[in-house]
Amino acid sequence: MTGTYGLVERAIRHCQILETVLVETMISIVTEKLDTQKLLESVSSPKSGASVLFVGTTRQFTGQRETTFLSYECYREMAIVKLQELCDRAQEKWPIEKCGIVHRIGEVAIEEASVAVAVSSPHREEAFQAAEWLMERLKQEVPIWKKEHGVDGGQHWVHEGSVIEPQGGSA
Amino acid sequence: MTGTYGLVERAIRHCQILETVLVETMISIVTEKLDTQKLLESVSSPKSGASVLFVGTTRQFTGQRETTFLSYECYREMAIVKLQELCDRAQEKWPIEKCGIVHRIGEVAIEEASVAVAVSSPHREEAFQAAEWLMERLKQEVPIWKKEHGVDGGQHWVHEGSVIEPQGGSA
Amino acid sequence: MKVRLKVFAAAKEIVGLGYVDLELTDGARVCDLKTALVQCVPELRALVGRSAFAIDQRYASDSDAISEACEVAMIPPVSGG
Amino acid sequence: MKVRLKVFAAAKEIVGLGYVDLELTDGARVCDLKTALVQCVPELRALVGRSAFAIDQRYASDSDAISEACEVAMIPPVSGG
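Residue numbers (this note's numbering), protein chains in the order written: chain E, 4 to 174; chain S, 4 to 174; chain P, 1307 to 1387; chain U, 1307 to 1387.
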């Protein structure tokens, strides 16, 4: 199972007890459909009064261009490290309770979810801010790539971003 | 069923075909547990690339004060009208695809959801902004009241807000 | 005219019922209704000062006129969410 | 020293494989690796200019040194989410 593989890897990297990691932060890269409900439940806490779940889905039209499906590739080892690092940084920046990120790779059909971020916090402002920040940083820093497959049979990798600075710009 | 009652009522008020309302906007006030997944699915659209789900839950501690559970009461007819009005205003303010709001009334235990707002849009910024705005306006304008039940057996209605201006301050 | 005012939350607890029946003169406005309400239930005085009122499910001003056919409600500061 | 550079997305399609084996002088830095890479696979020139490089799963600067034990990767502009 891909999700478990990611978690185990993180546990080793961060030299933490596996159980703690599982309880604290759900970070995974999966090939099957995203379970957004499970992610939302993973941030539940009696200390929080607000949870924000963001879900990125495959959009059919971008202007006049029609997409058939998207496919994603990742540098798994580094992506897991970066996702965990983003969650750690969010925890430092805001008084949030819990957060988690799951990203799907492989083919993702129209309306299906490619990424989900969940954040819980005592009050709603921090949950909104942290979720939006996590998505923005994920799109800038995490080594995952999207390929668009168009109705005309054409396909291309999306490499629109600017060059990533070392340390991933801790803005 | 409470949810259906609310929807039917809205259909009559807005003089729209019932089917259209069901497809467009999920607005309901329920007494059972909130089905946040169903709300999230209700905003799914091939035209959207982002969905934001906000969930408000009962928090155990507010400073030193410990809450056992919350209970909610509403002026149902007007609350439904106001929730629909907020969704309409959000649709005017931002290029969002779909949105929906469900609120639970009666007793809501620690960690359980009292309210959920979902918004989908082509790009993520509008979904975040509209969801946050909907929650802020809901807390200012919609005739729903919260009662806190403390561990000491004490209970009180939360009436902290300022006086509501006519037309509900379309800020 | 007779008007049945809906009351909620703390107001409902004070009244002990979900409504208050009030006798108003024809052409009465929201401000007249408030006066009649406080005369009828003096314990509501403080909360009335902090509450909004609605006519037919719309927030109303003090100067808005009330008719017998209206649905009138007292809306203490709301706290949903 | 021999270094196996991981490549992804468009770079992987250009190379036709998930890695490129490069021969670098001892003490080589990221900038030297880029030069060797473009010599080895000229079609990558444009993308190399727009890509980041990572050593042991951390973004690296041109001046960072590479050793044979390192995991080295070319990271074209990312587009997750």
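Simulated from the structure, these hints should not be mistaken for lab results.
For each residue, glycine too, the CB sits at the ideal point set by N, CA and C.
Mixed in with the good hints, there may be bad ones.
Calculated pairs, DSS-like style, for lysine-lysine (alpha carbon to alpha carbon, straight line, at most 27 Å) [said to hold, decoys possible]:
| id | chain 1 | residue 1 | chain 2 | residue 2 |
| --- | --- | --- | --- | --- |
| 1 | E | Lys50 | S | Lys150 |
| 2 | P | Lys1308 | S | Lys142 |
| 3 | E | Lys150 | U | Lys1318 |
The calculated label-pair distances, taken between Cβ atoms and stated as ranges, are [said to hold, decoys possible]:
| id | chain 1 | residue 1 | chain 2 | residue 2 | range |
| --- | --- | --- | --- | --- | --- |
| 4 | E | Ala112 | P | Tyr1325 | 31 to 39 Å |
| 5 | E | Pro98 | P | Ser1369 | 26 to 34 Å |
| 6 | P | Gln1345 | S | Gly66 | 35 to 43 Å |
| 7 | E | Ala112 | U | Gly1322 | 24 to 32 Å |
| 8 | U | Ser1369 | S | Lys96 | 18 to 26 Å |
| 9 | U | Arg1364 | S | Glu139 | 36 to 44 Å |
| 10 | E | Gly157 | S | Gly66 | 52 to 60 Å |
| 11 | E | Lys41 | U | Cys1346 | 26 to 34 Å |
| 12 | U | Ser1373 | E | Phe64 | 47 to 55 Å |
Hints violated by the structure (listed by number, smallest first): 2, 4, 5, 8 and 11
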